Amino acid sequence: MALSAGCATTNGDSRDPFEGFNRTMYGFNQAVDEAVVKPVSKAYKEALPELVQTGVRNFFSNLADIFIGVNNLLQGKVIDAANDGMRFALNTTIGGLGVLDWASEMGLEKHNEDFGQTFGRWGVSDGPYIVWPLLGSSTVRDSVGEVFDIRVDPVRNHEPIVARNAMYLTRVVSKRADLLDASRILEEAALDKYVFTRDSYLQRRRSLIFDGSPPREFPRAANPGPTGAAEVPGNRETVLSASAQGELQNVEGK
Amino acid sequence: MLKASKGILALGSAIAGLFVALAAIAQDVPPDVLVKNVTLEVIDIVSKDKDIQSGNQKKIVDLVEAKVLPHFNFTAMTRLAVATNWDKSTAEQKKQLTEEFKTLLVRTYSSALTTYRDQKFDFRPLRAKPTDTDVTVQVRIAQSGREPVMLEYDMEKTPSGWKAYDVRVAGVSLVVNYRTEFANEIRTSGIDGLIKGLAAKNKGPVVVKAEKK
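Just so you know, the sequences run in chain order P and V.
Everything in the first sequence is counted per the working numbering, starting at 1 for the first residue and increasing by one.
Everything in the second sequence is counted per the working numbering, starting at 1 for the first residue and increasing by one.
Don't take each hint at face value.
The following residues of chain P were derived to be distant from chain V, with all beta-carbon distances above 12 Å [as the list claims (entries may be wrong)]:
hint, residue
1, 54
2, 58
3, 66
4, 68
5, 136
6, 176
7, 195
8, 202
9, 209
10, 210
These stretches of chain P come out as covered by chain V in the derived footprint (C-beta under 8 Å, 3 or more residues) [said to hold, decoys possible]:
hint, region
11, 99-112
12, 180-188
Honestly, the hints are just simulated from the structure, not real lab data.
Source: prediction; values computed, not measured.
Heads up, the beta-carbon is just placed ideally off N, CA and C, and yes, glycines get one too.
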């Protein structure tokens with residue numbers, strides 16, 4: 001019932017063949033977020049001093065550095081992998097189990113890697129976009145990546161179970177608290193939050209796979225040029241729309 | 001009397017000359033320097049203004065309109081976001097689309113400004129030839145325990161200085177995101193429907209962040 005209601009708003013985007021299902025899941029996730037996760041994260045953010053929040057964030061960030069390094073290695077980025085290994089060694093010891101991020105202060109930059117990105121780097125394409133219950137935005141490729149990410153997650157293998165679950169919860173709340181500002185801006189910017197979230201996710205993943213410098217989404221020629229075509233919509237206009245058209249076909253052809 | 005009016009005339013031409021000079025300066029400012037100056041100036045004003053910090057929406061929007069807006073080419077931005085439907089729009093529709101999109105972006109920017117004002121900005125050196133007329137200016141924002149966020153401004157050279165026509169936040173281009181949103185809206189309710197949708201969204205209150213405590 002809810003599913004068929006979702007299907008009604010499908011836009012036929014080739015990157016998102018399960019849009020009906022995904023919208024339903026998105027709605028479910030939004031409801032859970034509004035009812036539980038967001039209020040708890042807000043309380044967390046308001047109750048705890050900034051310093052404690054940073055410590056918690058750093059602690060989990062440090063644990064993640066191990067497999068960020070492994071993924072960099074799998075992508076052939078040996079220097080980056082060494083950087084991540086150094087980060088983990090430094091922060092775990094003099095950083096007090098990762099609570100302090102001394103490595104960043106010393107110029108060893110934090111990276112963002114996971115198995116989904118590694119597969120992307122190896123040439124595996126996104127596959128259809130999928131919204132999972134509770135886990136949120138993903139693609140087929142990134143979902144397979146996430147299965148690996150979850151398997152090697154240091155928190156998952158932590159004993160006893162009670163401590164592990166407490167760590168899981170803290171991590172979720174800490175991450176959500178960091179996103180409170182971003183989600184408010186999303187609220188401001190989006191006409192259709194589902195579409196905005198999806199496109200942001202797909203663009204973001206693409207950028208991450210290329211470590212921040214993906215091929216341009218539209219060629220430089222697509223912009224109206226130095227003479228400010230704003231005032232003179234002459235032949236430049238045709239040039240633009242021709243290239244914009246080509247670009248759109250590119251996106252749809254993916 | 002004649003002397004006085006001559007004086008005014010001289011003053012007038014002096015002022016006119018000054019404006020020409022200022023325009024020339026604006027044109028000569030390299031894009032990376034422009035981004036740096038504007039960012040630092042705006043952040044400085046925000047950090048000193050108690051009204052803005054306590055969430056005075058009108059003041060924030062006014063600030064963005066006065067300091068940031070002149071450095072954007074909204075027609076180019078709107079044209080890129082509307083993509084193929086731009087050619088199917090009338091002159092009046094183009095004008096309205098640009099106006100509403102501009103308002104939406106100013107609101108979003110204002111909201112972001114109040115959120116990210118306390119960050120450490122790292123203005124990256126410009127990687128472009130002096131003859132380039134279309135460049136990307138990068139600003140990195142450092143955050144503890146997280147990888148830095150990259151802000152990128154795609155800018156083109158115009159007779160009135162460098163103007164931004166797209167902004168990417170952490171690799172997410174605003175123009176590309178809006179392109180899908182606009183295309184969907186136009187498919188279901190036409191260009192006028194999109195204009196109406198934007199206008200309705202712009203009528204709501206701006207979501208700004210007020211000071212904690």
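Cross-check of the supplied hints:
1. With a least CB separation of 5 Å from chain V, residue 54 of chain P falls inside the 12 Å interface cut-off, contrary to its annotation.
2. Once the 12 Å rule is applied to beta carbons, residue 58 of chain P is inconsistent with being away from chain V; the minimum gap is 4 Å.
3. With a least beta-carbon separation of about 15 Å from chain V, residue 66 of chain P lies farther than 12 Å from that chain, consistent with its non-interface assignment.
4. A beta-carbon of chain V is positioned within 12 Å of the beta-carbon of residue 68 of chain P; the least distance is around 9 Å.
5. Distance check for residue 136 of chain P against chain V: the nearest CB is about 16 Å away, which clears 12 Å, and the non-interface claim stands.
6. With a cut of 12 Å on Cβ distances, residue 176 of chain P stays outside the contact zone with chain V, its closest approach being about 14 Å.
7. The claim that residue 195 of chain P is not at the interface with chain V is violated, since a C-beta of that chain comes within 12 Å of its own (minimum 5 Å).
8. With a cut of 12 Å on Cβ distances, residue 202 of chain P falls inside the contact zone with chain V, its closest approach being about 9 Å.
9. With a least CB separation of 10 Å from chain V, residue 209 of chain P falls inside the 12 Å interface cut-off, contrary to its annotation.
10. Not every CB of chain V lies more than 12 Å from the CB of residue 210 of chain P, the least distance being 8 Å, so the non-interface label is violated.
11. With a threshold of 8 Å between beta carbons, the proposed coverage of the region 99-112 of chain P by chain V holds, since 6 of its residues qualify and at least three are required.
12. Check result for the region 180-188 of chain P against chain V: holds, 5 residues qualifying (beta carbon to beta carbon below 8 Å, three or more required).
The earlier numbered hints that this structure contradicts are 1, 2, 4, 7, 8, 9 and 10.
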